[in-house]
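K.L.:
Here are the chains, one letter per residue:
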Amino acid sequence: MHELSVALSIIEGATEEARKHENAKVEAVHLKLGRLSGVVKDALLFSWEIACQGTTLENVRLEIEEIPIVAFCVNCQSNQSIEAINNLVCPQCETPVTEIVSGRELIVTALEICEKE
Amino acid sequence: MTQTRLVEVRQNVLKHNDLLARELRNRFEAANIFVVSLVSSPGSGKTAFLEKTLTRLKEKYKVAALVGDLETENDAKRLARAEVPAKQIITGTICHLEAAMVEKSLEDWNLDELDFLFIENVGNLVCPSSYDLGEALRVVLMSTTEGEDKPRKYPTIFNSADVAVITKMDLAEACEFDKQAAYSSIEAVRPGMRIFEVSSKTGAGIDEWLEFLESQLISNLNI
Numbered sequence: 000m001h002e003l004s005v006a007l008s009i010i011e012g013a014t015e016e017a018r019k020h021e022n023a024k025v026e027a028v029h030l031k032l033g034r035l036s037g038v039v040k041d042a043l044l045f046s047w048e049i050a051c052q053g054t055t056l057e058n059v060r061l062e063i064e065e066i067p068i069v070a071f072c073v074n075c076q077s078n079q080s081i082e083a084i085n086n087l088v089c090p091q092c093e094t095p096v097t098e099i100v101s102g103r104e105l106i107v108t109a110l111e112i113c114e115k116e
Numbered sequence: 000m001t002q003t004r005l006v007e008v009r010q011n012v013l014k015h016n017d018l019l020a021r022e023l024r025n026r027f028e029a030a031n032i033f034v035v036s037l038v039s040s041p042g043s044g045k046t047a048f049l050e051k052t053l054t055r056l057k058e059k060y061k062v063a064a065l066v067g068d069l070e071t072e073n074d075a076k077r078l079a080r081a082e083v084p085a086k087q088i089i090t091g092t093i094c095h096l097e098a099a100m101v102e103k104s105l106e107d108w109n110l111d112e113l114d115f116l117f118i119e120n121v122g123n124l125v126c127p128s129s130y131d132l133g134e135a136l137r138v139v140l141m142s143t144t145e146g147e148d149k150p151r152k153y154p155t156i157f158n159s160a161d162v163a164v165i166t167k168m169d170l171a172e173a174c175e176f177d178k179q180a181a182y183s184s185i186e187a188v189r190p191g192m193r194i195f196e197v198s199s200k201t202g203a204g205i206d207e208w209l210e211f212l213e214s215q216l217i218s219n220l221n222i
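If you read the protein sequences in the order shown, they are chains A and B. Numbering-wise, numbering that gives the first Met the number 0 puts 35 at position 36 of the first sequence, and it's gapless, one number per residue. Numbering-wise, numbering that gives the first Met the number 0 puts 143 at position 144 of the second sequence, and it's gapless, one number per residue.
Read the hints as simulated data drawn from the structure, not as lab findings. It is possible that some hints are incorrect.
When the alpha-carbon atoms are kept at most 27 Å apart in a straight line, the in silico DSSO-like pairs for lysine-lysine are as follows [stated by the list, open to error]: (1) B/K14 to B/K57; (2) B/K14 to A/K24; (3) A/K40 to B/K76; (4) B/K76 to A/K19; (5) A/K40 to B/K86; (6) B/K57 to B/K86.
All chains, full assembly: derive it from the sequences and hints.
P.N.:
Laid out in structure tokens, this is it:
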């Protein structure tokens with residue numbers, strides 16, 4: 000389980016970003032999490048609470064948007080959503096897909112802040 | 000009056016590791032070293048495979064190895080039997096290697112003198128998948144004594160690898176290893192991935208693997 004290390008990295012990045020908004024309180028951190036990222040949502044949420052304790056982000060929500068796997072099918076010549084992570088074939092024509100378009104994301108996309116004034 | 004709003008960030012969570020891995024990759028390329036990382040579950044034969052690979056490669060090339068484990072220096076000692084530079088990275092409680100650990104371990108090695116560097120990750124099929132180590136080739140190993148459906152159970156790490164090696168082929172028969180099932184399982188999570196079958200004990204399949212490594216080294220050289 001490396002979700003705790005991941006949570007600490009999110010805190011580091013978000014804290015740095017939050018410094019740019021001195022007059023604001025961070026309410027939430029928004030994260031895009033791809034299904035192929037190797038990070039498990041529930042484990043990350045669990046780690047998040049622990050990792051935030053005693054930091055400036057204590058009690059801040061982690062809003063996770065899960066990103067499905069999308070791959071380019073050379074046969075259909077189009078992007079296709081892949082349902083099963085352990086069966087990387089085009090849902091239309093069953094051609095194996097090798098070109099992953101999205102699904103590896105592990106990105107902090109936004110901070111939700113509340114301005115005090 | 001308070002007002003809640005969203006501030007856009009777009010920051011890769013593992014950017015520190017990714018940046019460091021990129022720097023390492025540039026250093027490796029500049030020094031003309033081909034860097035191979037090995038990932039697998041514990042006990043699938045990474046160290047035996049590496050020992051065999053190092054012993055054979057050192058006849059012709061300058062090779063070295065880094066090995067990651069939570070505790071003990073046993074693997075580095077085993078690899079030292081191959082009489083090549085080998086260094087242990089003890090991660091403590093961390094279940095995977097990170098680029099920073101690799102960088103630190105390289106401090107007193109002269110990269111220009113090496114042709115191949117092998118990095119054996121901690122035995123773990125989950126966490127190492129997220130961490131780029133600056134390697135040119137990531138090899139995932141599975142042994143004939145594990146279930147043929149391992150790739151389907153741990154798709155992310157298999158998907159993140161470049162080639163697969165099936166180890167302990169000498170035990171295939173005794174374990175009633177279903178090769179067809181293993182191949183289709185790998186194909187399902189990483190279509191088109193090249194697969195090698197080896198036995199580190201008998202040496203079967205090692206020649207083909209070494210030829211592949213040599214061809215990779217040559218095609219990566221900046222001449």
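K.L.:
With reference to the structure, classify each hint as holding or not holding.
P.N.:
Evaluation of the provided hints:
Restraint check for B/K14 and B/K57: not satisfied, since their Cα atoms lie roughly 35 Å apart, outside the 27 Å limit. The straight-line distance between the Cα atoms of B/K14 and A/K24 is roughly 24 Å, inside the 27 Å bound, and the hint therefore holds. As the CA atoms of A/K40 and B/K76 are separated by approximately 38 Å, the hinted pair breaks the 27 Å bound. Annotation: proposed proximity of B/K76 to A/K19 is violated, straight-line Cα distance about 50 Å (limit 27 Å).
For a cut-off of 27 Å, the pair hint linking A/K40 to B/K86 is broken: about 35 Å separates their Cα positions. Between B/K57 and B/K86, the direct Cα distance comes to roughly 16 Å. Compliance with the 27 Å bound is thereby established for this hinted pair.
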